[in-house]
Amino acid sequence: MARVRTWTWWLAAGAGVAAVWWLTGRREEGDRLPLKDGRVVRMREVRPEDKPLFVRALRTARDQTVYHRFGTVKRRFSAEELRYLTELDGSNHYAIGATIRSAGAVRGVAVARFVRDPRDPSQAEAAVAVADDFQGVGLGRTLFMHLALAARSRGIARLVCPVLATNRASLALMRRLDPEAAFEPDGAWVLATLDLARVL
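In the numbering used here, the protein residues as written are 1 to 200.
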């Protein structure tokens, strides 16, 4: 599969996709999702006006968080990257985020994204990132399942998830989602291919 880096790490520091009510005047939006620890987040699709939140997320993310998504550490997005992250067609490039209201503001705590492979429309590259303080409460798995449903409804049969080989937690999640998933080494990364017929 051609590498189409999804840049989906951006919420891992917990700063990203929000309802941006403080920018637009809209109140918080999205479907309610209760978590195992009693907290409730909201899910919605990523929108073009989320660009400032991506900038903040990259600036405040821990080095380890950034490294797990890029294999290196960077601190700014180019204008082209910001357009890529937020201006989505909803079919070939789709992303959904989870938010929570914290200290009077809406905070992004997780995101899941897929990008369809132009050479094989039945396959897409996908990734999920979850804020440090929202891990272990089922959010990553739940968000991935919503992403998988969205992918299947758009004619996608397989999701290929690039995971840094040292990111054991993400690799374990891939195995739980699809016990028969294929794992292919790709330099410092592992490409986990999940069959949606088994995931869903």
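I should point out that these hints are in silico values taken from the structure, not numbers from a laboratory.
A couple of the hints might just be wrong.
[Said to hold, decoys possible] 25 Å max Cα-Cα, derived SDA-like pairs, lysine to any residue:
1) K51 <-> A105
2) K74 <-> D63
3) K36 <-> V137
4) K51 <-> K36
5) K36 <-> R119
6) K74 <-> T86
7) K74 <-> Q64
8) K51 <-> A79
9) K74 <-> L164
10) K74 <-> K36
11) K74 <-> S91
12) K36 <-> D186
13) K36 <-> W189
14) K51 <-> V199
15) K51 <-> N92
16) K36 <-> L200
17) K74 <-> D132
18) K74 <-> R39
19) K51 <-> D89
20) K36 <-> V199
21) K74 <-> H93
22) K51 <-> S122
23) K36 <-> H93
24) K74 <-> T142
25) K51 <-> H93
26) K74 <-> W189
27) K51 <-> R119
28) K51 <-> L33
29) K74 <-> G104
30) K74 <-> V199
Between K74 and W189, is the straight-line Cα distance small enough, at 25 Å or below? 18 Å, holds
Proposed proximity, A105 with K51 (alpha carbon, max 25 Å)
16 Å, holds
inquiry  = Holds or violated: K74 and L164, Cα atoms, limit 25 Å.
reply    = 16 Å, holds
- Query: When you check the alpha-carbon spacing of K36 and W189, does it fall within 25 Å?
  - Reply: The given pair, whose Cα atoms are some 30 Å apart, is violated under the 25 Å limit.
Would the hint linking K74 and R39 be met if the CA-CA limit is 25 Å? 31 Å, violated
**25 Å limit on alpha-carbon distance, applied to hinted pair K51 and V199** = 31 Å, violated
Between K74 and H93, is the straight-line Cα distance small enough, at 25 Å or below?
Satisfied, since the Cα-Cα distance of roughly 23 Å is no more than 25 Å.
With the threshold set at 25 Å, check whether the alpha-carbon distance from K51 to N92 stays at or below it. Holds: K51 and N92 sit about 20 Å apart, inside 25 Å.
Hint consistency between K74 and T142 [alpha-carbon to alpha-carbon, up to 25 Å] = Since the Cα atoms of K74 and T142 sit roughly 28 Å apart, the hinted pair is violated (cutoff 25 Å).
Problem - 25 Å Cα cutoff - pair K51, L33 - result: It holds: about 24 Å lies between the C-alpha atoms, which stays within 25 Å.
(message) Given the hinted pair K74 and D132, is their Cα-Cα distance within 25 Å?
(response) 19 Å, holds
Exercise. Given the hinted pair K74 and K36, is their alpha-carbon gap at most 25 Å?
Worked result: 33 Å, violated
In this structure, the hints that do not hold are numbers 4, 5, 10, 11, 12, 13, 14, 18, 22, 23, 24, 27, 29, 30, in rising order.
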